[in-house]
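Asks: As a plain string of letters, each chain reads:
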Amino acid sequence: MVGAWLAPFASTARSARGTAFDLAGKPVDPLKASAGKVVVLVFVRTDCPVSNRYAPTIQQLSAAHEADAAFWLVYPDKAETAEVIRKHDSEYGYKIPALRDPEKALVKESQAQITPEAAVFDVRGHLVYHGRIDNLYEDIGRARTMATTHELEDAIEAAASGKTLAVSTVHAVGCYISDLE
Amino acid sequence: MKVGLPTFSGFLALFALGTAGISGSYTTSARQSVPHGAATQLQVTFDRDIAPIIFRNCSQCHHPGESGPFSLLTYADVKSHGRQIAYMTGKRSMPPWLPDPGGPKFAGELRLTDEQIATIQKWVDQGEIEGNPADLPAQPKFAAGWELGKPDVIVRAERPYPLAASGTDQYWNFIFRTPVHRTRWLKAIEIRPGDKRLVHHANVLVDRQQSGRRMEKVPGAGFGGMELVIESEAFDPDSHFLFWKPGSPPYVEPDGMALRLDKTTDLILNTHLQPSGKPELIQPTLGLYFTDKPATLHPVLLQLGNDRELDIPPGDKKFLVSDDFVLPVDASVLAIYPHAHYLGKDLLAYATLPNGTRKTLIHISNWDLNWQAVYHYAQPLDLPVGTKISMRFTYDNSTDNIRNPNDPPKRVMAGNRAADEMAHLWLQVLPRETADATVDPRVLIQEALARHHIQNDPGDFGAHYNLAAILQMKGDLAGAVAEFTQAVRIQPDDPIANNALGAVLLASGRIDEAIGHLNTALKGRPDYFDAHYNLGNALATQNDFTGALSHFRAAVRLNPQDAGAEANLGSALAETGNLKEARLHFERALQIDPKNEVARENLEQLNRDSQGRPN
Numbered sequence: 082m083v084g085a086w087l088a089p090f091a092s093t094a095r096s097a098r099g100t101a102f103d104l105a106g107k108p109v110d111p112l113k114a115s116a117g118k119v120v121v122l123v124f125v126r127t128d129c130p131v132s133n134r135y136a137p138t139i140q141q142l143s144a145a146h147e148a149d150a151a152f153w154l155v156y157p158d159k160a161e162t163a164e165v166i167r168k169h170d171s172e173y174g175y176k177i178p179a180l181r182d183p184e185k186a187l188v189k190e191s192q193a194q195i196t197p198e199a200a201v202f203d204v205r206g207h208l209v210y211h212g213r214i215d216n217l218y219e220d221i222g223r224a225r226t227m228a229t230t231h232e233l234e235d236a237i238e239a240a241a242s243g244k245t246l247a248v249s250t251v252h253a254v255g256c257y258i259s260d261l262e
Numbered sequence: 030m031k032v033g034l035p036t037f038s039g040f041l042a043l044f045a046l047g048t049a050g051i052s053g054s055y056t057t058s059a060r061q062s063v064p065h066g067a068a069t070q071l072q073v074t075f076d077r078d079i080a081p082i083i084f085r086n087c088s089q090c091h092h093p094g095e096s097g098p099f100s101l102l103t104y105a106d107v108k109s110h111g112r113q114i115a116y117m118t119g120k121r122s123m124p125p126w127l128p129d130p131g132g133p134k135f136a137g138e139l140r141l142t143d144e145q146i147a148t149i150q151k152w153v154d155q156g157e158i159e160g161n162p163a164d165l166p167a168q169p170k171f172a173a174g175w176e177l178g179k180p181d182v183i184v185r186a187e188r189p190y191p192l193a194a195s196g197t198d199q200y201w202n203f204i205f206r207t208p209v210h211r212t213r214w215l216k217a218i219e220i221r222p223g224d225k226r227l228v229h230h231a232n233v234l235v236d237r238q239q240s241g242r243r244m245e246k247v248p249g250a251g252f253g254g255m256e257l258v259i260e261s262e263a264f265d266p267d268s269h270f271l272f273w274k275p276g277s278p279p280y281v282e283p284d285g286m287a288l289r290l291d292k293t294t295d296l297i298l299n300t301h302l303q304p305s306g307k308p309e310l311i312q313p314t315l316g317l318y319f320t321d322k323p324a325t326l327h328p329v330l331l332q333l334g335n336d337r338e339l340d341i342p343p344g345d346k347k348f349l350v351s352d353d354f355v356l357p358v359d360a361s362v363l364a365i366y367p368h369a370h371y372l373g374k375d376l377l378a379y380a381t382l383p384n385g386t387r388k389t390l391i392h393i394s395n396w397d398l399n400w401q402a403v404y405h406y407a408q409p410l411d412l413p414v415g416t417k418i419s420m421r422f423t424y425d426n427s428t429d430n431i432r433n434p435n436d437p438p439k440r441v442m443a444g445n446r447a448a449d450e451m452a453h454l455w456l457q458v459l460p461r462e463t464a465d466a467t468v469d470p471r472v473l474i475q476e477a478l479a480r481h482h483i484q485n486d487p488g489d490f491g492a493h494y495n496l497a498a499i500l501q502m503k504g505d506l507a508g509a510v511a512e513f514t515q516a517v518r519i520q521p522d523d524p525i526a527n528n529a530l531g532a533v534l535l536a537s538g539r540i541d542e543a544i545g546h547l548n549t550a551l552k553g554r555p556d557y558f559d560a561h562y563n564l565g566n567a568l569a570t571q572n573d574f575t576g577a578l579s580h581f582r583a584a585v586r587l588n589p590q591d592a593g594a595e596a597n598l599g600s601a602l603a604e605t606g607n608l609k610e611a612r613l614h615f616e617r618a619l620q621i622d623p624k625n626e627v628a629r630e631n632l633e634q635l636n637r638d639s640q641g642r643p644n
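The listed protein sequences correspond, in order, to chains U and L. Quick note on my numbering: the first sequence kicks off at 82 and runs consecutively. Quick note on my numbering: the second sequence kicks off at 30 and runs consecutively.
Chain L with its partners taken away, still in its complex shape (with noise of 0.2 Å):
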């Protein structure tokens, strides 16, 4: 009997993060700040030029129930954090933003001009004077509860996480199961992590294979880590940016570029947590928000790295990492995030036009973990064909970058772990249509950037699967075997690389030689759906199929939805002589899926035969 395709799941994203918020913020009716000729005006006062100033730049994160430790509202709390003000802005500590000015220009940006640092300074000088009421701009207004009104659905972590008193930061993940009964699109997701004081900034990764689920030792209660390994699905890996920072609005997502949403979706919280000084329980939620739009337009999430240069000897100071990818494809820029850990000192991007000119894409040269974000170009940057786009990142590994996670200094290289390094530069790019309509631009990017990343190590797990999984697509078996192998070569027992081995081994006839990578699969992940459906017909190819039955059954236990797995099932009772229970299978795949084949053709063959010879 016909037994259906082998199934396999696609890329490995490597903390595929999401959008950020940083645009739009608040506006306010208030003239904005610099007084008209502040040097060589008299009197600096509250009133009028330092409230403009306040409302606009720092209300917004110091407001109660806001992430700011202390409210900036009124004369009263102003003056009370005066000196400390002058001080933090005269350092351009705050209000926070890192990007060094003279890039390109970014949504939502927080930075003071040299004059409101002068004039807040002259104001605290000259005795913090509150002036005339007449002036005083009205007191911003914030939304009390969701920013973006009330959310088409709330979910909130199952369980909190316990964060201590003291101690050093902590990065917990909580995951969400989606409550969606069938596929939504998403819009916006706002994120309310708690206390904000505490959280200082989390990403939601969206967990298409329920893969962080393994995760927790406790069902509900997520699990540390700062970085994660997330599968996601074939083709479609996630192009969004969902990231939360402290005082940053929830970023909706422009028309046509929502995210999808399955039922069968987790989403996982990455939260960076700093102890406050009192025990605190965390337990964020995410209000989720939905668009009848379907996305149409498919954005790519680019990395550059270069994982292998990362091993920064103790002491040096001025330790460089750069990588630099070649655009196969005319793109548009939309956002950038860069990341280092605490070693990080200087992280530049830009870019290097066909023609010779250099533009930069962001320069950080004062970088802070502790502030990273995702930042959104205000317009678009449109970059051609054969740009070359390049990395420079430093970093300080001496006892004079306070951060410094050992002391004395030691050698880092490059890990997950807050104490190791990481020198990764993300890109949201929407890459333009080529001439010819057949080639998805996304699958040039995707098969450029694998190539490019195992150019850098040829070592490198995802990548080599990443590649394989790409040439499957394109038709290249032979390819992808080869690929798929050097993955498994990498990583002996990871239980995804052999399965996807497996079915690529089958689906080229090789049946011997995919049964031993199924069943690798199956040793290191008993439960694992995928490598029972496809050693069932691995083994129904070679007419084993009591031995197909078994993992038939195995599948459709696994996952009772699946209407390929009841169908294979009921082939493989047929096989065995079990026309009665294969049957019940049959009408369960199409129960499922109507239009399911395998099932509907064994079904009528089933009902011939019965016609044919009436027992």
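For reference, chain U alone in the conformation it holds in the complex (with noise of 0.2 Å):
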């Protein structure tokens, strides 16, 4: 896998942070709420067309790792109402459940910067990577006609292995999550 391997203080103890919420408006952690999967939280936004077109693959791999990890969708920008969302995932045929992120916890928390980007994190609710799903893309507008590497996956597998991993990422092509308010 190629990128950079940042310190490993980067997933230790989680402090204080806003919330996410669901599309009830209830307050959500995914992260206890999945308490003894691998959790993986994707970045979307329903206006990003790199994110869209993932959008088939993101569900294939929650479903093909449905035993051992937990997939969470969240839409990081405050503008996507809950109804937004809910009619752009049933379009989509997405069977994941969606979170709101309207105050940045879970971007924070995931050190995402891109829609679509994955944050994985291990049964301890260690972060363990962060970035690209696939190569499918190397700039916006520059997609291959198939990914050649999967990041997104070996990290699943890496973190359902029950190692202890440092964190990694790998750089994700789409739109800028500080873009949004």
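Everything labelled a hint here was simulated from the structure, so no lab data went into it. In this text the structure is predicted, and so the values were computed from the model without any measurement. Backbone N, C-alpha and C fix where the C-beta goes; we use that ideal spot for every residue, glycine too. Just to be clear, a hint being listed does not mean it is correct.
Said to hold, decoys possible - Computed cross-link-like contacts, DSS-like style, restricted to lysine-lysine with a CA-CA straight-line distance of at most 25 Å:
hint, chain 1, residue 1, chain 2, residue 2
1, U, K168, L, K307
2, U, K244, U, K185
3, U, K159, U, K113
4, U, K168, L, K624
5, U, K159, L, K624
6, L, K552, L, K292
7, L, K307, U, K176
8, U, K113, U, K189
As the list claims (entries may be wrong) - Simulated restraints, written as ranges between beta carbons of each label pair:
hint, chain 1, residue 1, chain 2, residue 2, range
9, L, T142, U, S259, 24 to 30 Å
10, L, A173, U, S171, 26 to 32 Å
11, U, S259, L, D164, 21 to 27 Å
12, U, K113, L, E144, 47 to 53 Å
13, L, D411, U, S171, 44 to 50 Å
14, U, K107, L, G344, 51 to 57 Å
15, L, N445, U, S259, 43 to 49 Å
16, U, S259, L, A167, 28 to 34 Å
17, L, Q168, U, S171, 48 to 54 Å
18, L, Q168, U, G243, 52 to 58 Å
19, U, S259, L, I183, 42 to 48 Å
20, U, S171, L, E144, 53 to 59 Å
21, L, D340, U, R205, 21 to 27 Å
22, L, N395, U, A105, 45 to 51 Å
Got two chains here, separate frames each, mind docking them using the hints?
Replies: Written as structure tokens, this is what we have:
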């Protein structure tokens, strides 16, 4: 796997932070809700074409790793309402639970910068990977016919193996989360 | 009895695309971008500095219903993609415009200045300040519905194409049966491809022989494929670019350059579709705009290329394909369309004038198939006779090229599939009249092109076929026989070439040989009107009227509106003694075409005979 290895302390204890919400408006902490499993947060945006094109891949990965990993979609755009997200998820065939992250709590915890970007937490709740799903896109508008490396899947498998890992990252291609309010 | 002349179809045009938009585009009353002294200005604001750049260069695609995946019409829109815009413009990935600066000027150029790009970057760095609303120019207005107003005729694809949620890009062709009852002149086609976010580009091909229909598995459903071979009619091959890409307004042909549309013409829309992440149905619509002014100017599409040279070893990062063609007449270049697939890297075309001056025609140093386009020159480029037009295309078949369809790379050759390659350069040129008014300069160009293609590749079926058709038209029957024979040698079962060779052998009096080729044509395509008609004629020449009769009957069944076939059927019936039925068919021929001489003369003879010998 390519990419920079960050200092391991980046993934240590979780401090006080904001809250993410489910589509009913209820506060949800996905790491607690899926305790005992590897947790995968996938940051997406309804109007980001790269993140939309990944919908079938994300759904497929979540099904393939159902036994050992819990997937959550995270919408960091304050302006995207629960209604807009529901409609979007149904159009794109998403069955993964969706969260709104208007305070960017999960964004910060995952060090996510881009949509689509995935963050993987091990069973102890430590961040072990954040970055691209695979290498389909080299840049916006520059896509391979198909991906040849699969970073998210590798990270899930590594996390599920129970080994202690340093957090790794490979830069994702898509829309900047920092562009959002 | 007298029979009509042989008939055959003419040129084969490979993927003769269509006109392109890009010109015109929208104009805004907004001040054109660059703020006074952007470099020194302290603070960049959206209202004063950024909005004019965005409104003029981005909003035409980035507004609801258009191809851009999000709108860029307001401060909030632009801010929510601010860093992305700075990034994409900084790399010149947006707005999408492939030609390098420094060449000739094209209509509708979409290229930001270095200063504009720096201004956007600075705005983002400074925290994306909105500014003073008094500075904000009016938001651009875009036509809702048809951009050229209500079309004269609207046609919709009969059946939608279901595009899967994921997977590789798809190439689908929709056939539109032309809804005109007489010949009309088209000045514009507005292509509404369906959801503009999914259709990356589209071409209209004019299919006068309805040859695309044979490729449909279900009538009306269309067919797959990236590049098409369309038969086109003799000496009037299509010479217009009918091209659509996102954000380009429909191209309106100048006066005198309208496109002929007959009631039997099919329009084929060749689309490049990209999966969006959810299943989609694509059902395009065409809006047709007519004019009363028929075509008086006749451009020609010049195709340079060298498919035989295209044999790219795996790993080769700089594989060169070149071609050079010398103009046999003075001509003005109106538009240019360079075309390669995913391995294409650097596409260059230039002209060397007889005095040695070299002019760039187009240079794309960062080719991207996804943004391919037809480029119309802002002013036609006048090139004198003897100008050499050169094509130099470079390909990257290594893993450095991320669009490489093969991983690991493998040997790639010329072909029509997305994973094959192409090295084609098309120019739309308007030839000048030559000193000898009896010589059509288009014919000179077509003949020179066909000979050029044969020189590049003696196995070029289409070039032999086209050269034969030109020689036949010029009255050189022996030359035509030789070239059609070459074409048939290359593709022995091809029905069109066999029919054409049969027809010209028939015209040369070589009846037995003609019959052999016409039978081959019918073996390949039993419902081939032209071949039945010609074989009927050939058999009639040998006094085999019974044989002729069955083929003329087949011809009339296949095309009940052809006066010549009706007249010849009448003749064969008369020869076999069936005068009553013969008379019916002569009359029918004259109903279709009152000027049909064969039918008129034969009918007169029947009338004289019946007066002379009452039965």
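Asks: Next step is simple, just say for each hint if it's right about the structure.
Replies: Okay, the hints, checked on the actual structure:
| no. | hint | result |
| --- | --- | --- |
| 1 | K168/U with K307/L | holds (12 Å) |
| 2 | K244/U with K185/U | violated (29 Å) |
| 3 | K159/U with K113/U | holds (23 Å) |
| 4 | K168/U with K624/L | violated (66 Å) |
| 5 | K159/U with K624/L | violated (76 Å) |
| 6 | K552/L with K292/L | violated (28 Å) |
| 7 | K307/L with K176/U | holds (13 Å) |
| 8 | K113/U with K189/U | holds (17 Å) |
| 9 | T142/L with S259/U: 24 to 30 Å | holds (26 Å) |
| 10 | A173/L with S171/U: 26 to 32 Å | holds (28 Å) |
| 11 | S259/U with D164/L: 21 to 27 Å | holds (26 Å) |
| 12 | K113/U with E144/L: 47 to 53 Å | holds (52 Å) |
| 13 | D411/L with S171/U: 44 to 50 Å | violated (58 Å) |
| 14 | K107/U with G344/L: 51 to 57 Å | holds (56 Å) |
| 15 | N445/L with S259/U: 43 to 49 Å | holds (44 Å) |
| 16 | S259/U with A167/L: 28 to 34 Å | holds (30 Å) |
| 17 | Q168/L with S171/U: 48 to 54 Å | violated (32 Å) |
| 18 | Q168/L with G243/U: 52 to 58 Å | holds (56 Å) |
| 19 | S259/U with I183/L: 42 to 48 Å | holds (45 Å) |
| 20 | S171/U with E144/L: 53 to 59 Å | violated (45 Å) |
| 21 | D340/L with R205/U: 21 to 27 Å | violated (56 Å) |
| 22 | N395/L with A105/U: 45 to 51 Å | holds (48 Å) |
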